[in-house]
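Colleague: Since the structure of chain B is already known, use the hints to place chain L on it.
Protein chains in written order, with our numbering: chain B, 1 to 204; chain L, 1 to 218.
Check the hints yourself; a few may be wrong.
[To be verified] Ranges between beta-carbon positions, derived for each pair:
(1) L:115 x B:107: 50 to 56 Å
(2) B:156 x L:218: 30 to 36 Å
(3) L:165 x B:55: 37 to 43 Å
(4) L:214 x B:70: 19 to 25 Å
(5) B:177 x L:13: 42 to 48 Å
(6) B:181 x L:196: 56 to 62 Å
(7) B:156 x L:211: 38 to 44 Å
(8) B:182 x L:211: 36 to 42 Å
[As the list claims (entries may be wrong)] Keeping only pairs whose Cα atoms sit at most 20 Å apart, straight-line, the calculated SDA-like set for lysine to any residue is:
(9) L:46 x L:115
(10) B:121 x L:70
(11) L:10 x B:81
(12) B:121 x L:74
(13) L:10 x L:100
(14) L:10 x B:114
(15) L:10 x B:110
(16) B:189 x B:30
(17) L:46 x L:62
(18) B:121 x B:82
(19) L:10 x B:73
(20) L:10 x B:187
(21) L:10 x B:82
(22) B:3 x B:187
(23) B:181 x B:143
(24) B:121 x B:189
Hints are computed from structural coordinates only; laboratory data are not their basis. Using N, Cα and C, we set each Cβ at its ideal position, and we do this for glycine too.
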Amino acid sequence: MLKVDELTVARGGRPILQNVSFELKAGQALVVRGPNGSGKTTLLRTIAGLQPAISGQVLCDEEAIAYAAHSDGLKANLTVAENLSFWAEVFGTAQMDQALAQFNLNDLQDRPANTLSAGQKRRLGLARLLVTARPVWVLDEPTVSLDAASVDLFASVVQAHLAAGGAALMATHIDLGLEAKVFDVAPYKASMIPRSGGFDEGFL
Amino acid sequence: MIALLIRDLKLSVRAGGGFGLGLAFFLIVTVLVPFGVGPESGLLGKIAPGVLWLGALLSCLLSLDRIFALDWEDGSLDLLATSPLPLEGVAAAKAMAHWLTTGLPLTLAAPFLGILLNLPQSGFGWLTLSLAIGTPALSVIGTFAAALIVGVKRGGLLLSILVLPLYVPTLIFGAEVARRGSAGMEVLPPVLLLAGISLGAVAILPFVSALVLRINLR
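This is chain B alone, in the form it adopts within the complex (with noise of 0.2 Å):
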């Protein structure tokens, strides 16, 4: 479903992971690890396709892929279902409800996303999710500010979708209790600065 051939990843124009290989089969879950700034962010925003790698490949289909990074991308002043249905609308699909009824946000329809509370947010977030539709979810951090409750919540939905054939790439320093394998990224660390192009390479 999701395979990552020899991929070279760079933050700020320099390399920060290297080599990275693995492949994620439909049903399967993977949770990458490592300490603060060893490039999760960097490997999961390559995967989703918003920066180019600098050598290797994603094999996947970019439709298939839904993203979720550190902010919800929520509008303030819009309801918790404005904001969901914006994503609804964009992503093609009509899986709303149930979507609020997952995250256990029906209460909160009509709220404006501004009144939440931050676990709330991030719930609401998730839920964007659902409402993609699309089988390979790259989630940065996705339980950051969640309360046990709520990530039982998470893992349960993710079970769920893996269940369903979907497939989830994660970076989470939380147990969420799945059977899921575990990448560290710390082997692959960039030794050297491989310049495979012209000089000009460090501003593009």
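Modeller: Frame of chain B; chain L shown alone:
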């Protein structure tokens, strides 16, 4: 694309959205001009087309830096970039929303402000027409400049410096249409040139904006 357009229009009329800000600025600038240059009606009538065009251009500038900056700050620009919407479509929808909330109200308000500046009667139609044709170019060019400064904290000032030189051709031909129109001269050549600038900008710049956004999101 339509969903994004509707969302942006909705956001602009909600609290803090900035709808009407440009219009109020336009009104104030126009009202201030007679205080500055004196109440002589002949002089005011002469400078009215230029003043109105300058005012419209500056009001347009006010809301430009929000086009992408807000979406970048809350992370939705990243999410839009990974969504099925092409970034070209995002840029076009953003420019359209900006025009609907800024350019269109300015165009509609301009004739009323023309009265304040003693604009000659024959000039009203041409002023409105020139703004209707010219303001889309202002929005599209502004969207491109806004894409350039995505990720720059408090880039509003930088944006103004970047975008004002790019507005020069639109201003020259736009004000020329209004000036010639109010003086009863031949207006077709500047109208065509203004329309050319607008059409060219609308056709090309969304693609350039998308390219710039892609680079800035890395």
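Colleague: Taking 56 to 62 Å as the stated bounds, is the beta-carbon spacing between residue 181 (chain B) and residue 196 (chain L) within them?
Modeller: Hint holds: Cβ distance 59 Å, inside 56 to 62 Å.
Colleague: Is it true that residue 177 (chain B) and residue 13 (chain L) lie within 42 to 48 Å of each other by Cβ?
Modeller: About 45 Å separates the Cβ atoms of residue 177 (chain B) and residue 13 (chain L), which means 42 to 48 Å holds.
Colleague: Hinted pair, alpha-carbon criterion (20 Å max): residue 46 (chain L), residue 62 (chain L). Please report holds or violated.
Modeller: Violated, because 26 Å separates the two Cα atoms, which is more than 20 Å.
Colleague: When you take the CB atoms of residue 214 (chain L) and residue 70 (chain B), is the distance between them in 19 to 25 Å?
Modeller: holds, 20 Å
Colleague: Holds or violated: are the alpha carbons of residue 10 (chain L) and residue 187 (chain B) at most 20 Å from each other?
Modeller: This hinted pair is violated, its Cα atoms lying about 48 Å apart.
Colleague: Verify the proposed pairing of residue 10 (chain L) with residue 81 (chain B), using a straight-line Cα cut of 20 Å.
Modeller: holds, 14 Å
Colleague: Within a Cα-Cα threshold of 20 Å, do residue 10 (chain L) and residue 82 (chain B) meet the stated pairing?
Modeller: Distance ~10 Å between residue 10 (chain L) and residue 82 (chain B) Cα, so the pair holds.
Colleague: For the range 38 to 44 Å, tell me whether the beta carbons of residue 156 (chain B) and residue 211 (chain L) fit it or not.
Modeller: Roughly 42 Å apart at Cβ, these two residues keep to the hinted range, so it holds.
Colleague: Holds or violated: are the alpha carbons of residue 189 (chain B) and residue 30 (chain B) at most 20 Å from each other?
Modeller: Distance of about 19 Å is within 20 Å: holds.
Colleague: Mind checking the alpha carbons of residue 121 (chain B) and residue 189 (chain B) for me, to see if they're no more than 20 Å apart?
Modeller: With Cα atoms ~33 Å apart, residue 121 (chain B) and residue 189 (chain B) exceed 20 Å; violated.
Colleague: Please work out if residue 10 (chain L) and residue 73 (chain B) have their alpha carbons no farther apart than 20 Å.
Modeller: This hinted pair holds, its Cα atoms lying about 16 Å apart.
Colleague: Run the distance test for residue 46 (chain L) versus residue 115 (chain L): straight-line Cα separation, threshold 20 Å.
Modeller: holds, 13 Å
Hint check: violations occur at hints 17, 20, 24; the rest are consistent with the structure.
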